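Novice: Residue numbers (our numbering), protein chains in the order written: chain C, 1 to 278; chain E, 1 to 278; chain P, 1 to 278; chain D, 1 to 278.
Read the hints as simulated data drawn from the structure, not as lab findings.
Treat the hints with care, since some could be wrong.
Where chains are identical, the list cannot tell them apart; a pair therefore holds if satisfied intra-copy or between any two copies.
Claimed, not checked - Computed list of lysine to any residue pairs in SDA-like fashion (alpha-carbon distance at most 20 Å, straight line):
#	residue 1	residue 2
1	Lys200	Arg276
2	Lys219	Ser256
3	Lys35	Glu20
4	Lys200	Asp111
5	Lys200	Ala218
6	Lys200	Glu266
7	Lys219	Pro17
8	Lys219	Gly275
9	Lys35	His204
The structure displayed is predicted, hence computed values, not measured ones.
4 protein chains.
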Amino acid sequence: MNAPEPRPVLPLAARLPGRESTVVAVGDVRFGAEKVVLIGGPCAVEDRDLMLAIARTVAGAGGAMLRGGAWKPRTSPYDFQGLGAEGLEMLVAARRATGLPVVTEVLDPRDVATVAESADMLQIGSRSVQNFPLLREAGASGRPVLLKRGMMTTLDEWLNAAEYVLAAGGNDLVLCERGIRTFESALRNTLDVGAIAVLKERTHLPVIVDPSHAAGVAKHVTALARAAVAAGADGLLVETHTDSAAALSDAAQALSPEAFAALADECRAVARAVGRDL
Amino acid sequence: MNAPEPRPVLPLAARLPGRESTVVAVGDVRFGAEKVVLIGGPCAVEDRDLMLAIARTVAGAGGAMLRGGAWKPRTSPYDFQGLGAEGLEMLVAARRATGLPVVTEVLDPRDVATVAESADMLQIGSRSVQNFPLLREAGASGRPVLLKRGMMTTLDEWLNAAEYVLAAGGNDLVLCERGIRTFESALRNTLDVGAIAVLKERTHLPVIVDPSHAAGVAKHVTALARAAVAAGADGLLVETHTDSAAALSDAAQALSPEAFAALADECRAVARAVGRDL
Amino acid sequence: MNAPEPRPVLPLAARLPGRESTVVAVGDVRFGAEKVVLIGGPCAVEDRDLMLAIARTVAGAGGAMLRGGAWKPRTSPYDFQGLGAEGLEMLVAARRATGLPVVTEVLDPRDVATVAESADMLQIGSRSVQNFPLLREAGASGRPVLLKRGMMTTLDEWLNAAEYVLAAGGNDLVLCERGIRTFESALRNTLDVGAIAVLKERTHLPVIVDPSHAAGVAKHVTALARAAVAAGADGLLVETHTDSAAALSDAAQALSPEAFAALADECRAVARAVGRDL
Amino acid sequence: MNAPEPRPVLPLAARLPGRESTVVAVGDVRFGAEKVVLIGGPCAVEDRDLMLAIARTVAGAGGAMLRGGAWKPRTSPYDFQGLGAEGLEMLVAARRATGLPVVTEVLDPRDVATVAESADMLQIGSRSVQNFPLLREAGASGRPVLLKRGMMTTLDEWLNAAEYVLAAGGNDLVLCERGIRTFESALRNTLDVGAIAVLKERTHLPVIVDPSHAAGVAKHVTALARAAVAAGADGLLVETHTDSAAALSDAAQALSPEAFAALADECRAVARAVGRDL
């Protein structure tokens with residue numbers, strides 16, 4: 001009589017023997033396929049016309065998807081907290097105008113149904129990576145989920161967080177590395193490019209990178225983006241703004257339209273050098 | 001004409017000039033007064049009789065308050081997640097039997113009203129320190145709040161999280177240092193005793209320490225507890241279990257009843273050496 | 001035939017079964033005995049009269065030993081690098097006047113013989129904790145060694161560094177925790193009080209604490225010192241200066257004579273509460 | 001009368017206005033020019049024939065320079081400490097056979113003259129980054145210096161360490177990022193690719209990357225190497241061994257000859273995508 005096989009620790013998220021890489025589809029966009037997916041947009045949705053202008057910039061530069069925060073997690077209760085449902089509606093209008101699917105953050109389990117109705121993909125932010133009730137609601141929502149790594153999250157904890165989403169029924173999950181907190185403060189966070197390589201081995205899920213929050217300052221975003229693509233990232237989540245000096249949130253890190261287009265070009269060259277495209 | 005005074009960054013949490021230290025009352029227990037408050041109990045509430053037995057142990061050793069988790073934040077979705085409302089009821093029964101007020105964690109903003117109805121104090125755990133919807137609900141609940149530091153939360157971020165609770169109407173807030181995540185892995189976390197001293201300067205709120213989660217292993221809990229009291233902590237949150245080997249969560253760090261009583265005695269001696277009591 | 005016993009990883013530094021705690025004697029001072037050893041003095045030796053004045057302050061407050069840097073490891077090559085041999089001579093003069101033994105840092109293996117001739121104890125600083133040639137020279141010098149932890153050093157690496165000293169013939173070694181580098185920047189470093197408890201279990205060597213470098217600012221030094229004694233430290237290494245505003249190195253963290261005396265009194269009370277004295 | 005200009009903090013290392021990037025020449029190899037410099041070789045020099053075989057592998061794969069440790073800094077005094085002068089001689093023999101210049105680590109200021117006589121470039125290792133006497137000797141040696149970042153060195157501290165070398169007369173200095181120590185332990189260290197971008201702005205010195213020590217495991221070295229080149233690194237320092245399973249030091253991270261050649265090809269493609277070559 002043989003001993004029973006031990007149950008795998010991460011039966012749904014782990015790259016078990018024979019498990020192929022998962023491709024997550026959001027509209028026509030496919031995370032984990034040949035093309036590196038470029039997502040662009042402002043940190044926070046602030047204004048209908050502005051959102052449209054930025055969306056057109058993203059589409060024009062080869063961006064495949066639109067980002068923008070309607071509910072913003074802010075360190076201080078007195079900072080701008082986002083436009084909420086109104087911001088969500090502006091994102092929908094921008095999608096209508098450009099055809100780009102939209103991803104937006106949801107902070108509160110009570111908002112998941114509302115956001116899932118309008119957004120193409122739900123983002124779970126860094127501060128919520130171990131917000132277990134939220135992970136379960138997002139997993140049960142029927143929408144693909146973009147799960148950011150927390151500033152303090154080990155790869156093991158992060159994959160367990162992904163497992164919460166998958167165990168709640170969410171099959172379509174994309175991981176997003178965005179820099180970790182270390183002793184070094186030259187940039188806002190330390191981009192962990194090694195995490196991309198390790199995750200590719202441990203999980204079948206697509207992995208993208210947010211170089212904007214890692215850098216915290218526009219001038220170093222593109223170097224991090226190139227590094228991420230070279231290391232094997234399946235996509236990039238980049239902040240861009242047509243008037244970045246006036247942005248209500250994280251102004252310093254948003255790329256101008258010109259810089260965003262240059263990032264796209266440079267990352268496309270790197271993507272081709274590693275056998276992919278963008 | 002004078003320039004207007006700049007608005008303070010933390011108008012409610014900061015120790016503004018002339019602001020006296022706040023004493024937070026939970027029943028007869030007073031955080032921030034002369035006596036160091038000793039809170040004891042199991043990591044998770046598991047069983048009615050066991051909870052009663054542990055509660056009597058805590059009371060007998062000089063503990064002033066009872067802790068126990070009914071909703072447990074667990075890294076893996078497959079780990080024991082707590083007994084929920086049933087666990088809460090067991091805590092209430094233990095309070096009835098011993099007279100000790102109870103503190104328990106709430107994870108989901110949708111559970112705040114339920115927990116606030118039964119518990120004397122709401123705990124916001126490390127992983128929820130920047131769960132802003134939860135902070136607002138807890139602040140509006142009318143119950144005192146115990147706000148743990150996150151594993152990688154700066155003091156500044158932590159005080160801003162406290163500000164969310166206070167801005168939502170919660171006047172009674174106690175901060176709880178529980179160790180931070182560093183490169184050193186000899187203990188589970190690195191207890192930041194310096195944070196106690198710095199917080200006493202920056203905020204009027206009481207500060208307690210959880211040496212159990214910092215150590216992660218029972219044999220080193222008491223040394224950390226003594227250090228915390230010597231550094232000026234207003235209380236201790238300590239895990240104890242009458243049968244710690246059988247505990248369903250964090251078994252390795254729960255003190256036996258004998259060790260818990262010894263901790264109380266040793267910390268009382270240190271408290272008296274620094275002009276307080278326990 | 002039995003397999004040979006595996007060789008212990010740290011045959012000299014580890015607390016092997018039956019190994020009693022080591023007491024390190026420096027003149028009449030005994031590290032690891034009942035009394036907590038208080039070492040005081042300036043960061044850098046700057047002037048003969050000043051050094052004498054500070055030494056008398058230390059002796060008057062109950063300090064048992066004198067510290068002072070003659071060779072200073074400075075981040076920038078353009079900062080004051082210490083008086084070298086001249087500073088060493090001033091320390092000797094201060095010893096002659098007060099009877100207190102002196103400890104001073106040695107940075108360069110080529111200076112070990114010179115320093116060992118005059119100083120009672122050699123300090124290996126944080127930046128030199130894995131300077132293996134220096135560790136070997138210090139171990140072979142015949143003088144007791146005070147080995148500080150590096151800002152980045154795990155307990156395991158630190159004990160291996162101690163093993164280098166012991167393996168070179170140095171029997172008298174005292175470890176000194178001085179704060180580690182973490183993400184938190186409210187104080188200069190994060191004092192790892194848990195390290196004291198863990199080291200007491202892993203090694204037979206005495207362990208002292210430098211609260212001055214951990215805090216980086218005078219007003220929080222005493223709280224850290226009390227915590228260290230409560231956690232079981234065998235001594236304290238504290239910076240004090242009769243005119244701290246004028247100190248040439250680390251001015252912000254040196255205690256005034258009054259504050260140094262108050263620290264001694266407070267730490268004595270805590271020491272007695274944990275069954276020791278100072 | 002104008003106030004005098006403040007003296008720059010890093011007059012020699014900083015990229016002061018108008019300061020062009022420095023190209024450091026080691027034989028025919030030029031760090032900081034168009035070509036990314038690939039340095040290969042074993043962690044430790046172990047045997048003459050083996051060293052020759054590895055050197056030929058490196059040359060054959062397009063490597064421009066040879067590395068190999070003769071004096072090894074090892075955590076434990078009981079680990080293999082390198083062959084010393086004999087190892088240095090084997091490196092010289094390998095240079096003679098292949099024409100590749102050699103870089104090797106020097107640990108002790110008393111060995112600098114000996115090493116400088118034979119090696120083409122002196123490496124200052126991570127643990128020595130703030131070994132100020134060693135930095136001064138290396139700077140005065142007349143040889144180009146490769147200065148590795150410490151595991152927990154900030155960019156600011158690192159540039160100050162470089163300033164020590166330059167202030168001692170060393171004009172030819174190359175910086176080498178090799179991963180920093182963080183809470184994440186999936187790989188041995190966390191490669192800080194952002195540091196490359198920040199350094200390019202702050203200093204005129206060339207910056208290379210050691211992906212082998214960052215990864216700590218062979219299978220993830222190449223992904224890190226590609227990322228480093230994409231981020232703008234001027235070179236790569238990679239461990240390779242013809243029989244890596246038998247290596248006496250850091251066996252797990254050395255690439256086989258095939259893997260080393262593949263790394264060279266992949267990094268060349270990335271280099272060309274960012275306008276350089278290898």
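Novice: Taking the numbered hints from earlier one at a time, note which ones the structure violates and give those numbers from smallest to largest.
Specialist: 4
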